[in-house]
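**Student:** Protein chains in written order, with this note's numbering: chain W, 1 to 101; chain R, 1 to 618.
Treat the hints as calculated values from the structure; they're not laboratory data.
Beta carbons: idealized from backbone N, C-alpha and C, even for Gly.
Treat the hints with care, as some may be off.
Claimed, not checked - Pairwise CB distance ranges, derived in the manner of DEER restraints:
id : chain 1 : residue 1 : chain 2 : residue 2 : range
1  : W       : Pro68     : R       : Trp616    : 21 to 29 Å
2  : R       : Gly572    : W       : Ala13     : 57 to 65 Å
3  : W       : Val14     : R       : Trp616    : 22 to 30 Å
4  : R       : Val574    : W       : His95     : 39 to 47 Å
To be verified - Computed footprint of chain W on chain R, listed as stretches where at least three residues anywhere in the stretch have a Cβ under 8 Å from a Cβ of chain W:
id : segment
5  : 589 to 595
6  : 600 to 610
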Amino acid sequence: MTVGLGAYLTLAAVLFAIGFFGVVTRRNTIGILLGIELMLNAVNINLVAFARYNADVVGMVFTTFTIPITVAEVALGLAIVILIFRTKRTAIADHLDILRG
Amino acid sequence: MTDPAFAALIALLLPACAFVILALAGPFRRLGRPAAYLSIVFSAAALVAAIAAFRLAGGGGYSVWLWSWIPAEAGPLATIGVLADGDSALMLVLVALVSFLVQVYSLGYLSDEGMPSLGRYYTYQSLFAFSMMGLVLAPNFVQLYICWELVGLCSYLLIGYWYTRPEAARAAVKAFWITKAGDVGMLIGIVLLWRLTGTFDFLQLLQLADAGAIPLAGLGVITFCIYLGAAGKSAQFPFHVWLPDAMEGPTPVSALIHAATMVTAGVYLLTRTVWLFRLTPDVMEIVAWNGAFTALLAAVLACVQTDIKRVLAYSTVSQLGYMMAAIGAGFASAGFLHLLTHGIFKALLFLGAGAVIHAVGTNDIFAMGGLWRRMPQTAIVFVIGTLSLAGVPLFAGFFSKEEILGAVLVGGFPVPFAMLLLGAFLTAFYMFRVVFVTFAGAPAAPPAGHRSDGSHVHDAPPFMALPLWILAVMCVGIGILFAAWHPAAEFEMLGWVTPAAIAVSLGGIALAYLVYERRAISADALAKAFAPIRAAALRRFWIDDAFAFVYRRLMLSLSWLVGWVDRYLVDGLVNLFSAWTLSAGGGLRRIQSGRAQDYVYGIALGVLLLMVWIRWPR
């Protein structure tokens with residue numbers, strides 16, 4: 001049995017929506033980073049699904065680039081969060097508003 | 001070097017060089033005396049060059065050197081240069097002579113000054129000599145106007161020479177603004193004339209006027225506007241109010257600028273352009289009437305002054321009125337002749353008055369008295385100057401004044417003639433009032449606290465005495481010269497004018513003698529007889545008050561109104577807009593919460609709107 005393109009896209013959309021929901025609702029910065037990770041992976045699923053569907057390898061090549069970039073981004077993000085926590089003694093996003101106009 | 005224009009140019013450039021050196025070499029200027037010697041040497045050389053120019057131009061021809069200044073398609077729009085003819089060379093000699101003598105005299109008069117300010121004085125003097133010569137030699141209206149303003153500037157600077165005294169600073173500003181009011185009219189007149197004829201050049205204008213090619217429509221306005229400038233500079237009614245106040249400057253400055261040269265610039269201008277004014281007889285009539293009125297008004301005002309310099313100042317206004325009246329009557333040469341003789345004897349009188357003030361330390365004639373014995377030389381030269389001014393035969397002023405009287409009568413102005421005759425009587429009276437009160441009689445008791453027990457009062461030092469004697473000898477010399485060799489008048493002199501002129505001046509002298517020397521007529525009784533006029537004259541006929549009213553009430557309330565409009569309407573509008581911008585910014589800053597998640601909401605909303613917009617069915 002084969003699963004159609006629509007199912008992959010639906011999965012990716014659901015995953016993206018969950019990630020987005022996490023990003024906008026989580027108070028903890030670590031949770032926000034996790035949400036971003038989910039959204040990026042939803043994009044990766046889309047890329048791979050279209051690559052298989054169109055029999056075009058470019059999408060997969062692209063994905064092999066985005067995965068390490070995602071990892072690097074998370075590493076960077078976590079480092080920033082740790083630094084923020086050290087100076088401000090908090091990791092709650094609502095408290096980090098020094099750019100308020 | 002047979003060209004008068006060349007010699008005139010040298011005479012013009014010498015004081016300019018002195019000015020540039022003194023203005024740029026600050027340390028040298030601040031040395032004082034050396035700067036003064038430099039300026040005097042340059043002005044002496046200028047005098048020699050001016051005399052050379054006069055000798056070369058004496059034949060009646062003229063010579064003009066022009067350089068183009070403002071280029072335009074059809075020939076230069078404006079030129080600068082020198083125009084040396086008989087009149088301008090003669091005037092040049094007068095300017096150079098009085099300027100030189102005054103600079104020598106100032107060495108003695110200002111000997112108490114600090115050295116830096118003495119250097120400043122001579123810098124201004126050099127600038128004035130240059131500007132005045134440039135005015136005299138101007139071949140067109142543009143250069144004339146520039147120099148006209150420059151001499152006004154020098155007048156301002158020199159009246160305000162003792163600028164720490166509030167009266168001097170105020171008088172300087174008053175002189176500047178009132179002459180400037182006339183100058184605005186003159187500038188308008190010059191521009192209108194250019195629009196009418198297309199040229200500023202005197203010679204071209206003269207050719208046009210001779211050929212009858214100047215349109216007469218609107219010319220009256222132009223000549224009147226130019227006359228306004230001349231009236232402002234030459235202190236004609238109602239602009240005469242600045243000249244008496246200008247006496248706040250040092251006395252040599254009054255002699256040079258406010259008696260002999262600058263104030264006569266208006267008369268000189270009208271003499272130069274009389275062919276233009278002849279085309280507009282109405283304006284000529286105004287010039288004549290206003291001149292005669294000014295002469296009489298100032299003569300009356302001079303009779304009640306007690307400040308020796310103010311008497312001389314009103315006398316200058318009065319004599320300028322005589323010159324203007326002669327020009328208005330159509331005989332400019334009579335006015336010009338009086339300009340020259342007046343320049344000599346009035347400079348003498350001012351310098352003599354300066355010697356008296358220098359010795360006594362006050363300007364008040366009733367605080368002097370009996371100076372005849374203590375400063376005989378000054379008394380002699382002052383009496384010579386007074387006799388000249390009063391128009392006594394064999395002295396410089398006699399012939400020129402008599403010629404003016406004849407000119408005004410022949411020109412068809414019997415009423416102004418009567419006014420001038422009365423003015424001549426008053427002239428003799430008020431001048432001999434000064435002479436009798438100052439030099440004759442008993443020494444006045446010095447006012448309390450004044451530095452005067454009379455013992456230190458003595459004749460002027462050589463630097464001051466020399467110019468006085470030179471001018472005095474010239475007064476007598478010119479008088480005798482005119483008596484021996486009458487310059488040909490342009491008109492037929494009526495036979496009874498000369499005896500009448502002599503009679504009124506002798507009458508004035510006799511009245512002054514009876515009142516102030518013999519005391520046969522009480523001065524108080526005389527004052528009582530003319531009480532209303534005296535009261536009005538003491539208030540200066542309310543003309544100064546009228547100017548003060550115009551300035552204080554009208555000008556200041558206008559500027560208050562303008563200030564209000566600017567502050568509350570113009571600035572208010574700007575402030576309103578800026579307040580709106582500020583409050584809009586204040587409202588908008590609320591959307592910048594600084595929280596990352598709010599921005600994510602914003603981005604999501606934006607993307608959503610974009611997608612809706614793209615997919616919207618059209």
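**Student:** All the hints need checking, so say for each whether the structure fits it.
**Tutor:** Structure-based check of each hint:
Our hint of 21 to 29 Å for Pro68(W) and Trp616(R) is violated, since their Cβ atoms are close to 39 Å apart. With their beta carbons about 58 Å apart, Gly572(R) and Ala13(W) fall inside the hinted range of 57 to 65 Å. A hinted range of 22 to 30 Å for the beta carbons of Val14(W) and Trp616(R) is consistent with their spacing of about 26 Å. At about 42 Å, the CB distance of Val574(R) to His95(W) agrees with the hint of 39 to 47 Å.
Against chain W, the segment 589 to 595 of chain R contributes 7 residues with a C-beta closer than 8 Å to a partner C-beta. That satisfies the three-residue criterion, and the hint holds. For the segment 600 to 610 of chain R, the stated coverage by chain W is satisfied: 3 residues place a CB nearer than 8 Å to a CB of that chain, which reaches the threshold of 3.
Violated hint: 1 only; the structure is consistent with all others.
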